[in-house]
Amino acid sequence: EAAVTQSPRNKVAVTGGKVTLSCNQTNNHNNMYWYRQDTGHGLRLIHYSYGAGSTEKGDIPDGYKASRPSQENFSLILELATPSQTSVYFCASGVSWGGYEQYFGPGTRLTVL
Amino acid sequence: QQKVQQSPESLIVPEGGMASLNCTSSDRNVDYFWWYRQHSGKSPKMLMSIFSNGEKEEGRFTVHLNKASLHTSLHIRDSQPSDSALYLCAASYTNAYKVIFGKGTHLHVLP
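So the protein sequences, as listed, match chains A and B.
Here the numbering used here is used: the first residue of the first sequence is 1, the next is one more, and so on.
Here the numbering used here is used: the first residue of the second sequence is 1, the next is one more, and so on.
Any given hint could be a false lead.
[Claimed, not checked] Listed below are several chain B residues computed to face chain A (Cβ distance under 8 Å; list not exhaustive): (1) Lys98; (2) Gly102; (3) Gly104; (4) His108.
[To be verified] Some chain B residues flagged as far from chain A (calculated, every beta-carbon gap over 10 Å): (5) Gln1; (6) Ser26; (7) Asn66.
[Claimed, not checked] In silico DSSO-like pairs for lysine-lysine, Cα to Cα no more than 27 Å straight-line: (8) Lys42/B / Lys11/A; (9) Lys67/B / Lys65/A; (10) Lys56/B / Lys65/A; (11) Lys45/B / Lys11/A; (12) Lys18/A / Lys3/B; (13) Lys42/B / Lys65/A.
Everything labelled a hint here was simulated from the structure, so no lab data went into it.
Here a beta-carbon is modelled for each residue, glycine too, at the ideal position from N, C-alpha and C.
Construct all of the structure, not just a fragment, from the sequences and the given hints.
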C-alpha cells in the first residue's frame, strides 16, 4: 500500500519562529502536495510539486515556502510562524494529475502560540 | 477559480438507513470526481471515483454522476456506525493541474 509519512506529528511553535514540516513518500509518485485543514474550510492546497526540484503555489501560499529536494521528500517551511497558521497539515502524493487518487500522510497538528 | 460545493454540511441517519451526500462543481471543465472518507483524527482515504455519466457501485456504496449538471452524489445503504466520518468530495479540471476539495459532509450514523 502507498505510504506517506510526516514529521513531526505534533508541533508547538512560538510566534515569529521558524517551523519545518517534513513529508516522505515511498510510492515513487511524481506529485506531492501540502494541504491545511481547518473547520469550515475543508482541505486547502498550499504548495505542490511535479517532481524533484519543482515547487508550485497552490491556493493559499502566503506565509509558506516549500522544498522538494528529492522524489521522496517534500517540506513545508513557515519562516515566521503566526497564530493564524495553527492548523492540521496534510501531505499527500499522487502518480500524476487527472484521474489519479492522492494518498495522504497522517497529518501534523501545528499550534502557534 | 473552481469551487466544489457539498451538501448537506451535516447528516444524521439511523443505523441501517440510507445516507445521500451531494457535490457540485462550479466549473464545467471537470474531468474526475472523487469521494474521500476521513474518520475523526485520521487522514482522508479515497473511497470511490467516477468520471463518466452514470452509476458505479462498490458494496454498500453507490456513486452517481451527471456531467451535464456537474453533480455527483454518494449513497450509502445499510449505514453503520463505523460509516460516521467526514466525507470529502474532490474534483480535477482540464489543464488545472490540481484537485479542488469541498468542505465536506459530516455523517453521523446513530446506533
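Tested hints:
1. A cut of 8 Å between beta carbons decides the hint on Lys98/B: the least distance to chain A is about 6 Å, and the hint holds.
2. The interface hint given for Gly102/B holds, since its Cβ lies 6 Å from the closest Cβ of chain A, which is under the 8 Å cut-off.
3. Interface hint status for Gly104/B: upheld, as the beta-carbon distance to the closest one in chain A is roughly 5 Å, under 8 Å.
4. Below 8 Å, beta-carbon pairs count as interface contacts, and His108/B has none with chain A, the closest being about 16 Å; its hint is therefore violated.
5. Annotated as non-interface, Gln1/B brings its C-beta within 10 Å of a C-beta of chain A; the closest such distance is 7 Å.
6. No Cβ of chain A comes within 10 Å of the Cβ of Ser26/B; the nearest lies about 14 Å off, and the non-interface call holds.
7. With a least beta-carbon separation of about 18 Å from chain A, Asn66/B lies farther than 10 Å from that chain, consistent with its non-interface assignment.
8. Our distance criterion of 27 Å between C-alpha atoms is met by Lys42/B and Lys11/A, whose separation comes to about 17 Å.
9. For the proposed pair Lys67/B and Lys65/A, the alpha carbon gap of about 36 Å is over 27 Å, so the pair is violated.
10. Among the hinted pairs, Lys56/B with Lys65/A is inconsistent with the structure: their alpha-carbon atoms are about 40 Å apart, more than 27 Å.
11. Using a Cα cut-off of 27 Å, the hinted pair Lys45/B and Lys11/A holds, with the two alpha carbons roughly 23 Å apart.
12. Restraint check for Lys18/A and Lys3/B: the C-alpha separation of about 32 Å exceeds 27 Å, so the hint is violated.
13. Between Lys42/B and Lys65/A the alpha-carbon distance is near 25 Å, which keeps this suggested pair within the 27 Å criterion.
Checked against the numbered hints given earlier, this structure breaks hints 4, 5, 9, 10, 12; the rest are met.
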